[in-house]
Every structure is written in C-alpha cells, then in structure tokens.
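Engineer: If you want the building blocks of each chain, they are given just below.
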Amino acid sequence: MDWVFRNSSLVLELTGQHIVFSLVPVLIGLVLAVPLGWLANRTRIGRSLTLNIAGFLYTLPSLALFVFLPPIIGTRILDPLNVIVALSVYVLALLVRTVADALNSIPSTVVNSATAMGYRPGRRFLTVELPLAVPVILAGLRVAAVSSISLVTVGSVIGFGGLGKMFTEGFQREIPQETISGIVLVLLLAIVVDGLLLLAGRALTPWDRPARTRRTAGTAS
Amino acid sequence: MTYLSWLFSAENWAGGADNPGIAQRLVEHLGYTALTLVIALVIALPLGAWIGHSGRGGFLVVGIANALRALPTLGLLVLLFLAVGLGLLGPLIALVILAVPPLLAGTYSGVANVDPQIVDAAKGMGMRGREVLFKVELPNALPLIIGGVRSALLQIISTATIAAYVGLGGLGRFILDGLSQRDFPQMIGGSILVALLAIVADVVLGGLQKLLVSPGLQERSAASKPGRLRLIRGGADTGASRAA
Chain A
1 MDWVFRNSSL VLELTGQHIV FSLVPVLIGL VLAVPLGWLA NRTRIGRSLT LNIAGFLYTL
61 PSLALFVFLP PIIGTRILDP LNVIVALSVY VLALLVRTVA DALNSIPSTV VNSATAMGYR
121 PGRRFLTVEL PLAVPVILAG LRVAAVSSIS LVTVGSVIGF GGLGKMFTEG FQREIPQETI
181 SGIVLVLLLA IVVDGLLLLA GRALTPWDRP ARTRRTAGTA S
Chain B
1 MTYLSWLFSA ENWAGGADNP GIAQRLVEHL GYTALTLVIA LVIALPLGAW IGHSGRGGFL
61 VVGIANALRA LPTLGLLVLL FLAVGLGLLG PLIALVILAV PPLLAGTYSG VANVDPQIVD
121 AAKGMGMRGR EVLFKVELPN ALPLIIGGVR SALLQIISTA TIAAYVGLGG LGRFILDGLS
181 QRDFPQMIGG SILVALLAIV ADVVLGGLQK LLVSPGLQER SAASKPGRLR LIRGGADTGA
241 SRAA
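Chains as they are written, first to last, in full-length UniProt numbering: chain A, 1 to 221; chain B, 1 to 244.
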C-alpha cells in the first residue's frame, strides 16, 4: 500500500488510462450489440450467421488480436486505438448473443398485447421489449465489463498503458509491491464497475425490485 | 502480403540450433496447454461433480468463478515469477488457476441443472447416489461440461502466449521476440499461429461434443432456452469469461 502512496501520480494516470481503455469498448460494444442482437432474432439464417461470427471473434486470443489489428485497420502497432477496437470486438461478440437471447426470452403474449394496444414495431421495441430484456443484458454487460477490465492488462506486454504497466514495470525492476498493487487496483476497479452496473440495472428496472418494496407499496395503498 | 512472408518461409518453420523454429514452438505451446488442462481437469471435474450432485457449496463455485474473472493473469504470472523464479512451475500454476473456474462452473452447473424429474426417475428405478451421478447426471451434464472445457482451453491457449513474457517458450515467443527486434512480420506471424491454434482447438472440441453427447440430449440442449438464461443470471455461465 505504501508503494501506491509514494507513486500516487503515476497510479492515478495509469488508472485513468485503464478506465478509458476498458470502458469505452464496453460502451461501443453495447451500442452495436443491441441492433445486431435484434437483427439476429429476425431470421433463422441471420441468427446463425450473427452468432457464429460472434463465436469466431470471441475465439481469437487477445494478444494476437492486439498485434494483427494494425495492418487491418491501418493503425500503428502501439496506437491505443488497437486496444479499444480489439476489446470492442470482444464485448460485441459476447453481448450480441446475450441481447439475442434476452429478446428471445420475452413471452410472446407480452409482445402481442403491446401490438394489440397499438404499439408500432419501433416503439414497441424501445418501450416494451428492450426494457424487459434489461436484466439479462445487464448480466452479460457485467461479465463483459469485468473481463474487459482484466483484459486491458494483457496489452502492457507489448507496451500499452493502463494498470498492466505496473505488472511489467514490477517485473522488470523486480518490485513485487508494484505488481501486487496493480493486481489489487485492477480487482478494485472491476468490483466498483460491477457494483455501479448492478445499481444502474436496479434503477432501470423498478418493476423487478425485491419483494420488500412491493409490500410497502401495497400497505400504503 | 509482406506481413505473411515470415509465416510461409520454410526456414522459420524448421528453425536452427540456437533459434527454435515454428514447429518446436508449436509443440511447446501444445505441451503447456495439455499439461495445464489435465491438471485442471483432475482438480475441477471431481469437485464440480460432487458439488453439483450433493448441492452443497454451489454459491461458492459461482462466487469464485465470478471473482476470478477479474483477476488479471499477467499480474498473476509476474507475481508467481517473482515468487518461484524462472521455470515452468510459476506459469503452470497461473494457467491452472485460470483454467479451473470455467471447468468447475461447467461441471457444477451441468450436474446441478439436470432435470430433477430425470434424477427422481433414476432413483425410482433403484439407482444409488453413485450410480445416479455416473449413469444419469454426468451424461446429461456433458454438454455444459464440454462447454467448460472449451472455454478453459481457449483461455489456456491465449494465456500460454503471455507466459513467454516470463521466459517460457511457446508461440508467444514470436510476438515478444518480434517486438524487441522490431520484426513485425514475425509478430504478426506468431499472432496468426496462436489465433489459428485457438480456432482449431475450438472446432475439434465442438466436433467432439457432437460425437460424445447422446443425440437426444443435443436437440434438447439446443431447445432449452430458459436453462441458458438461468445460467447467465446465476453468473456461472461457462462460455462467458475471457482471459487473455
């Protein structure tokens, strides 16, 4: 712990980098996964095509992806963009399947009721189907965010910043405290982000609250 | 195309006396992978089967699997290197720690999620605990167990690549040596090899799954959507963690 306080400015800078590198991809992946997951449920072929491509992308080792993205997207090998694109690919690959499954699990009676009440497909998707899919999507999002936070550190092997740099520096200069501090900070960051996502999910799904709130609402009326 | 020149040179495949070629690195990589997988299976299979069968400590498996998802493997590798020094032991421990949770989660949730009616029917037919486990629960759990093996295998293959950072051989050497020599074709060649290995391993296990799982189960597991979702919610979903 002592080490962290003595090097607080470095630690703060690396933490900031880490947050950008790991969470921007989560955002990009989520934004792209919702329409793709919706498309995957339209047709049988669309579904198998989307899910197979996602499964394939998920198979690629991250270090390999960090290295062979530059010639494909035309960046330099140590451009932070490589990390962000690579991790967005993973988040997308993970979430497309989750979004497709979540939308698929909504009871057809609910969708039919909404249609019968006069909801057009676009509005029905945004105000009925998507909110009902939130709990499952959120579960996938938590997994994606936590593994993204852990994965960024791999990039430090080839020289990207973020908290992983404390592992490689700790290794080169043989300072175990630096490596341990890095691990603890990565774990802390993962726990904090996971907790925040959990809270955001609660706020987004007021109907899914535990029984306690429902009972107080009942006695009040 | 110039990036691929390195990969297609026979000289690089054979290697020389003091610089091992692609063939040897590939064998090393496969060796680490196989060794890790065997050790992890020996630990996780019996434990997961017992926890799933007895229903004790399931929350522990889910908790551990979730917590370890955030543990950065590179940090663990470096730490173990600083603790036990050069050699295979440190990286091997790190790889096993990484591979156990998906195997454990797959076995546990596979066995625990077998339809209770099937288990009751087996008991009604006079089967005892051990028989129920081996003849009914494990065969029924096979799709999820193999799912766990698939995800563990991917993580081992990916992570064995970073193990080169702490002095191990394997395909990661090409990425790191290429980086230090500014030899990008070598880095990219190494990356393509690792990616190909991961894809081939996944396809082989996919085929194995089709071969081993009884046909009746395959149709059902494809149709059982609620089961899938329950797993994702529970957090023990075996396919959903990404290591390196």
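Just so you know, the hints here were simulated from the structure itself, not pulled from any lab data. Any given hint might turn out to be false.
[Said to hold, decoys possible] List time: in silico SDA-like cross-link candidates among lysine to any residue, alpha-carbon distance up to 25 Å:
no., chain 1, residue 1, chain 2, residue 2
1, B, Lys210, A, Ile53
2, B, Lys210, A, Gly46
3, B, Lys135, B, Gly207
4, B, Lys210, B, Val119
5, B, Lys135, B, Leu35
6, B, Lys135, B, Asp120
7, B, Lys210, A, Ile45
8, B, Lys210, A, Ser48
9, B, Lys210, B, Ile118
10, B, Lys210, A, Leu197
11, B, Lys210, B, Leu142
12, B, Lys123, B, Leu138
13, B, Lys210, A, Leu57
14, B, Lys135, B, Gly31
15, B, Lys135, B, Leu47
16, B, Lys135, B, Asn113
17, B, Lys210, A, Val31
18, B, Lys135, B, Val166
19, B, Lys210, A, Thr59
20, B, Lys210, B, Phe134
21, B, Lys210, B, Asp183
22, B, Lys210, A, Asn52
23, B, Lys135, B, Gly57
24, B, Lys135, B, Ala121
25, B, Lys123, B, Phe134
26, B, Lys135, B, Pro46
27, B, Lys210, B, Ala67
28, B, Lys123, B, Lys135
29, B, Lys210, A, Leu51
30, B, Lys210, A, Arg47
31, B, Lys123, B, Pro46
32, B, Lys135, B, Asn12
33, B, Lys210, A, Gly55
34, B, Lys135, B, Leu212
35, B, Lys210, A, Arg44
36, B, Lys135, B, Gly85
37, B, Lys135, B, Ala23
38, B, Lys210, B, Gly126
39, B, Lys123, B, Val136
Engineer: Could you run down the list of hints and mark each one as holding or not?
Structural biologist: Do the hints match the structure? See the list:
1. Taken as a hint, the Lys210(B) and Ile53(A) pair is honoured in the structure, with Cα atoms around 20 Å apart against an allowance of 25 Å.
2. Annotation: proposed proximity of Lys210(B) to Gly46(A) holds, straight-line Cα distance about 23 Å (limit 25 Å).
3. Restraint check for Lys135(B) and Gly207(B): the C-alpha separation of about 23 Å stays at or below 25 Å, so the hint holds.
4. As the CA atoms of Lys210(B) and Val119(B) are separated by approximately 23 Å, the hinted pair is consistent with the 25 Å bound.
5. Between the alpha carbons of Lys135(B) and Leu35(B) the distance comes to roughly 28 Å, so the proposed pair goes past 25 Å and is violated.
6. Only pairs whose Cα atoms come within 25 Å are accepted, and Lys135(B) paired with Asp120(B) is accepted, the gap being roughly 13 Å.
7. Between Lys210(B) and Ile45(A) the CA atoms are separated by roughly 21 Å; this keeps the pair inside 25 Å, and the hint holds.
8. Of the pairs offered as hints, the one joining Lys210(B) and Ser48(A) holds, with about 17 Å between alpha carbons and a cut-off of 25 Å not exceeded.
9. This hinted pair checks out: Lys210(B) and Ile118(B) have alpha carbons roughly 22 Å apart, not beyond 25 Å.
10. Note on Lys210(B) and Leu197(A): the hinted pairing is violated, with a Cα-Cα distance of about 37 Å set against a maximum of 25 Å.
11. Our distance criterion of 25 Å between C-alpha atoms is met by Lys210(B) and Leu142(B), whose separation comes to about 11 Å.
12. Restraint check for Lys123(B) and Leu138(B): satisfied, since their Cα atoms lie roughly 15 Å apart, inside the 25 Å limit.
13. A distance of roughly 22 Å separates the Cα atoms of Lys210(B) and Leu57(A); the hinted pair therefore holds under the 25 Å criterion.
14. Straight-line distance between C-alpha atoms of Lys135(B) and Gly31(B) comes to about 32 Å, which puts the hinted pair past the 25 Å bound.
15. With a C-alpha separation of about 17 Å, the suggested pair Lys135(B) and Leu47(B) falls inside the 25 Å cut-off, and the hint holds.
16. Annotation: proposed proximity of Lys135(B) to Asn113(B) holds, straight-line Cα distance about 15 Å (limit 25 Å).
17. Straight-line distance between C-alpha atoms of Lys210(B) and Val31(A) comes to about 34 Å, which puts the hinted pair past the 25 Å bound.
18. Between Lys135(B) and Val166(B), the direct Cα distance comes to roughly 44 Å. Violation of the 25 Å bound is thereby established for this hinted pair.
19. Annotation: proposed proximity of Lys210(B) to Thr59(A) holds, straight-line Cα distance about 19 Å (limit 25 Å).
20. Distance check on the hinted pair: Lys210(B) and Phe134(B) sit about 20 Å apart at the alpha-carbon level, within 25 Å; holds.
21. For the given pair, Lys210(B) sits about 41 Å from Asp183(B) by alpha-carbon distance, which is inconsistent with the 25 Å threshold.
22. Proposed proximity of Lys210(B) and Asn52(A) is supported: the alpha carbons are some 16 Å apart, at most 25 Å.
23. The hinted pair formed by Lys135(B) and Gly57(B) meets the criterion: a straight-line CA distance of about 23 Å does not exceed 25 Å.
24. Pair hint Lys135(B) plus Ala121(B) holds up; C-alpha atoms about 12 Å apart against a cutoff of 25 Å.
25. Of the pairs offered as hints, the one joining Lys123(B) and Phe134(B) holds, with about 13 Å between alpha carbons and a cut-off of 25 Å not exceeded.
26. As the CA atoms of Lys135(B) and Pro46(B) are separated by approximately 15 Å, the hinted pair is consistent with the 25 Å bound.
27. Between the alpha carbons of Lys210(B) and Ala67(B) the distance comes to roughly 31 Å, so the proposed pair goes past 25 Å and is violated.
28. With a C-alpha separation of about 11 Å, the suggested pairing of Lys123(B) with Lys135(B) holds against the 25 Å cut-off.
29. Of the supplied pair hints, the one linking Lys210(B) and Leu51(A) holds, its CA atoms being roughly 18 Å apart against a limit of 25 Å.
30. A hinted pair counts as satisfied when its Cα atoms are at most 25 Å apart, and Lys210(B) with Arg47(A) qualifies at roughly 20 Å.
31. At most 25 Å may separate the alpha-carbon atoms for a hinted pair to count; Lys123(B) and Pro46(B) meet this at roughly 21 Å.
32. Proposed proximity of Lys135(B) and Asn12(B) is contradicted: the alpha carbons are some 50 Å apart, above 25 Å.
33. For a cut-off of 25 Å, the pair hint linking Lys210(B) to Gly55(A) stands: about 17 Å separates their Cα positions.
34. The suggested pairing of Lys135(B) with Leu212(B) holds, with an alpha-carbon distance near 14 Å, which does not exceed 25 Å.
35. Of the pairs offered as hints, the one joining Lys210(B) and Arg44(A) holds, with about 21 Å between alpha carbons and a cut-off of 25 Å not exceeded.
36. Between Lys135(B) and Gly85(B), the direct Cα distance comes to roughly 45 Å. Violation of the 25 Å bound is thereby established for this hinted pair.
37. About 42 Å separates the Cα atoms of Lys135(B) and Ala23(B), which puts this hinted pair outside 25 Å; it is violated.
38. Taking the CA atoms of Lys210(B) and Gly126(B), the gap is near 30 Å; set against the 25 Å cutoff, the hint is violated.
39. Taking the CA atoms of Lys123(B) and Val136(B), the gap is about 10 Å. The hint holds against a cut of 25 Å.
The structure fails hints 5, 10, 14, 17, 18, 21, 27, 32, 36, 37 and 38 (numbered hints given earlier, in ascending order).
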